[in-house]
Amino acid sequence: MLFFLNRYDNDSQKQFEDEERVYLSNFGVNVVKRRVIVADGAKGAFISISHELRNPLYGILASCELMEESKLNEAQAGLVKTIQGCGTSLISIINSVLDFAKL
4 MLFFLNRYDN DSQKQFEDEE RVYLSNFGVN VVKRRVIVAD GAKGAFISIS
54 HELRNPLYGI LASCELMEES KLNEAQAGLV KTIQGCGTSL ISIINSVLDF
104 AKL
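Numbering (my numbering), first residue to last: 4 to 106.
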């Protein structure tokens, strides 16, 4: 009789452990799913902001091209070149970030 009681006790403990494993596994899957959802939302917001930064930069660069066609003194022409160089660098950085975000 004692043998059967011990066996019953061990079987119920094993069943409880199996249920715990299933529960913890499902819980872990849900945690990972939520993290993916949050990460995707953050990635989408980041890409949106990057696009919003790029559009005004194109406007600045286009304005610089128009300014170059007007009569500028040497100092003004140097400033326009500086603005163009910085703007072009920023566009390149933003495009690289957007390419990386696509991965």
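There's no promise every hint is true.
Under the rule of at most 25 Å between Cα atoms (straight-line distance), these lysine to aspartate or glutamate pairs were calculated in the DMTMM-like manner [to be verified]:
id, residue 1, residue 2
1, K84, E55
2, K46, E23
3, K84, E23
4, K84, E71
5, K74, E55
6, K105, E23
7, K36, E22
8, K84, E68
9, K36, E55
10, K105, E55
If you are wondering where the hints come from, they were derived from the structure by calculation, not from laboratory data.
Now the hints, each set against the structure:
Taking the CA atoms of K84 and E55, the gap is about 23 Å. The hint holds against a cut of 25 Å. Distance restraint check for K46 and E23: the Cα-Cα separation of roughly 34 Å exceeds the 25 Å cut-off, and the hinted pair is therefore not satisfied. For a cut-off of 25 Å, the pair hint linking K84 to E23 is broken: about 67 Å separates their Cα positions. Pair hint K84 plus E71 holds up; C-alpha atoms about 9 Å apart against a cutoff of 25 Å.
With a C-alpha separation of about 32 Å, the suggested pairing of K74 with E55 is violated against the 25 Å cut-off. Among the hinted pairs, K105 with E23 is inconsistent with the structure: their alpha-carbon atoms are about 39 Å apart, more than 25 Å. Taking the CA atoms of K36 and E22, the gap is about 21 Å. The hint holds against a cut of 25 Å. As the CA atoms of K84 and E68 are separated by approximately 9 Å, the hinted pair is consistent with the 25 Å bound.
Between K36 and E55 the CA atoms are separated by roughly 29 Å; this puts the pair beyond 25 Å, and the hint is violated. With a C-alpha separation of about 17 Å, the suggested pairing of K105 with E55 holds against the 25 Å cut-off.
In terms of the numbered hints stated before, the structure departs from hints 2, 3, 5, 6, 9, listed from lowest to highest.
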